[in-house]
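J.: So you can see what is in the structure, the chains are spelled out below.
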Amino acid sequence: MSAVVNAVCIAHLRNCFEGGVPSALSTCSVDGTPNIAYLSQVQYVDQKHVATTFQFFNKTRQNILANPYALLKVVDPLNGSGYKLHVRYLRTETSGPLFESMKAKLAGIASHTGMTEVFKLLGSDIYEVERVETIVHPMPGILPAVQDSLPKLRHMSAMLNASRDLDELLDNTLTALQTVCGIGHMMILKLDECGERLFTVATRGYDQSGVGSEIPMGHGVIGVAARERTPIRISHMTSEYIYGKAVRDSAEALGLHHQLETAIPMPGLPECRSQMAVPITAGATLYGVLYVESHEDLRFTYDDEDMLQIVAQQFGWMAQSMACADPAEPATDTPTLPASTASFTVTAVSAPPMTTITPALGDERPVLVRYFKADHSIFLDEDYLIKGVAGAIFWKLVQVRQHEGRDQFTNRELRLAPDLSLPDIADNLEARLVLLQRRLAERTRCVRMHKTGRGRFQLQVMQPLKLQSAD
Amino acid sequence: MTPALLSDGTVAFIQREVAIDVASCSSDLRPSACRGFACRVSPDRQRLTIFVRRGEASQVLQDVLGQDVIAVVYCLPETETAIQIKGRQISLSAANADDVACVERYRHAFVDGIVRLGYGREFGLSHMAIEAGQLVALSFTPEQVFEQTPGPMAGKRMGGSQP
Numbered sequence: 001m002s003a004v005v006n007a008v009c010i011a012h013l014r015n016c017f018e019g020g021v022p023s024a025l026s027t028c029s030v031d032g033t034p035n036i037a038y039l040s041q042v043q044y045v046d047q048k049h050v051a052t053t054f055q056f057f058n059k060t061r062q063n064i065l066a067n068p069y070a071l072l073k074v075v076d077p078l079n080g081s082g083y084k085l086h087v088r089y090l091r092t093e094t095s096g097p098l099f100e101s102m103k104a105k106l107a108g109i110a111s112h113t114g115m116t117e118v119f120k121l122l123g124s125d126i127y128e129v130e131r132v133e134t135i136v137h138p139m140p141g142i143l144p145a146v147q148d149s150l151p152k153l154r155h156m157s158a159m160l161n162a163s164r165d166l167d168e169l170l171d172n173t174l175t176a177l178q179t180v181c182g183i184g185h186m187m188i189l190k191l192d193e194c195g196e197r198l199f200t201v202a203t204r205g206y207d208q209s210g211v212g213s214e215i216p217m218g219h220g221v222i223g224v225a226a227r228e229r230t231p232i233r234i235s236h237m238t239s240e241y242i243y244g245k246a247v248r249d250s251a252e253a254l255g256l257h258h259q260l261e262t263a264i265p266m267p268g269l270p271e272c273r274s275q276m277a278v279p280i281t282a283g284a285t286l287y288g289v290l291y292v293e294s295h296e297d298l299r300f301t302y303d304d305e306d307m308l309q310i311v312a313q314q315f316g317w318m319a320q321s322m323a324c325a326d327p328a329e330p331a332t333d334t335p336t337l338p339a340s341t342a343s344f345t346v347t348a349v350s351a352p353p354m355t356t357i358t359p360a361l362g363d364e365r366p367v368l369v370r371y372f373k374a375d376h377s378i379f380l381d382e383d384y385l386i387k388g389v390a391g392a393i394f395w396k397l398v399q400v401r402q403h404e405g406r407d408q409f410t411n412r413e414l415r416l417a418p419d420l421s422l423p424d425i426a427d428n429l430e431a432r433l434v435l436l437q438r439r440l441a442e443r444t445r446c447v448r449m450h451k452t453g454r455g456r457f458q459l460q461v462m463q464p465l466k467l468q469s470a471d
Numbered sequence: 001m002t003p004a005l006l007s008d009g010t011v012a013f014i015q016r017e018v019a020i021d022v023a024s025c026s027s028d029l030r031p032s033a034c035r036g037f038a039c040r041v042s043p044d045r046q047r048l049t050i051f052v053r054r055g056e057a058s059q060v061l062q063d064v065l066g067q068d069v070i071a072v073v074y075c076l077p078e079t080e081t082a083i084q085i086k087g088r089q090i091s092l093s094a095a096n097a098d099d100v101a102c103v104e105r106y107r108h109a110f111v112d113g114i115v116r117l118g119y120g121r122e123f124g125l126s127h128m129a130i131e132a133g134q135l136v137a138l139s140f141t142p143e144q145v146f147e148q149t150p151g152p153m154a155g156k157r158m159g160g161s162q163p
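Protein chains in written order, with my numbering: chain U, 1 to 471; chain E, 1 to 163.
Isolated chain U, as found in the complex:
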């Protein structure tokens, strides 16, 4: 039953480190007493190295510091094969990419189970794999997975490359993941101007799009992936959740209730069993996060993580390039078209309308646009539309519409508008405009935004608007 593999390479065992089946680590003290423990997380480092989490100063830790030889049993959750890895402890890392990656994954698990103060990664224990022994062979009839990552990546890269603006880039990215990778549920989130929150700009596969929803930096797998700028993949939600709950029960028994925070509701699927959050970066700049999830266990593999990370980087560079390429049109270029091209009446509570045009089609009933300065929130009649920067932009647009009688705008005039005080980050304005455009399309039939050229758009209003501002 036992077979020794001579050449040490564990790349083909990556599925064993998915957390689907707990691994067992055996160590031995210097007085010859064995110890064996199950592990919550074993990290694949490279072809010859693995890492385990150092969370508590337990017997395993005492043993490896005194005697570095250990035996790690791992199981492939897809085909049932099992392996013994003869490993030697090398060192503990307390900073750097590997530590951050493991810490982020652990923090993501902890965040979802309210265990933030109990699960603390003190270090990543790095082991060199000296020998691999097969103890259980793969189940008969299970064919090895087809290695098709590169053709898929090429296909997706071409789809992203065909995008002419951010709106298309968002849609093409989600379509690529859906059609090429078969991913059913996903979202793209953008980091806000302050670097404190991520807001959703595009989603696919949910009953409610959730565009405009926000997640604080560092919160859940998405927020932690952003903060640590590292992919986080949780492959077996039930198993990971139960692991957290077991520790939680143990901590509660010890009276550590005060350290247990309220569990954060999972974004998207309520019964999600696999999830992956990948940072979208362009060089050193963090753009946001690409998040995918599934009802299936073990839905996303290491190969998927590799692919999504590359797609996310292409997205990041393209979004940045599009924002920078946005023409800085001179102020004189700003169109001042009268509202005669539109079919509505603008009225205001505080000032009489500049123009009154009878709508050719549609409802003549005025829609009350309420703006609250405190958080820049906008309500259309009783329905909440948007808040924050996108809310301030919308208020600016409808005011200009009312006072100047034009419905054509440029990105540049918004960027330079002193009353908006937009930070000098071009891609944030782009993302806010896309967000506003999508929220309008979802939430109301009375106002639409249409792109009319590079850095230009039209605000089309189908019903009279009545503007009202409050503190």
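Worth flagging that the hints you see were computed from the coordinates, not collected in a lab. Mixed in with the good hints there might be a few duds.
Partner residues are not named here, just some residues of chain U that face chain E (Cβ under 7 Å, in silico) [unchecked claim]:
1. 28
2. 35
3. 38
4. 269
A quick note: this is a predicted structure, and the numbers were derived from the prediction, not measured. Note that beta-carbon positions come from the ideal geometry of N, C-alpha and C, so glycine has one too.
Once you have looked at the hints, place chain E on chain U.
T.: Using the frame of chain U, we list chain E on its own:
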């Protein structure tokens, strides 16, 4: 060993559909390990018997004979509740027909348990496959019991308390 070492709760727990892994170590302090299948507790609670697959356990069997030391971890997948028992005075024997029947009952109960958690039955049966002629009964006297449920209490000695 004190009579209270294995409490009623511990005795019941280790005979449930728990995952069992066994470790020992060689004279040059290299650990060895293998899967365990079913645990039997003697009526006086002085001896525990675990079954192992001979091929996978060859190094463990050499080490327990040479060093007379063993560590066994038991974990209920449903709750992740776990304990570790360390012992000595190890003896080996071939599994008899009753033992094989006991292992088969355990194996199916274990697979039923992980199927309830979402694992495939085929996966479970394949991973827990046994050949009756290859089963070895490994008996030992328990000396220490440790809490092993992940978290701040992991590694604490247990007396007669329940896991």
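J.: Quick one: which hint numbers does this structure break? Sort them smallest to largest.
T.: Hint 4 is the one this structure does not satisfy, whereas the remaining hints hold.
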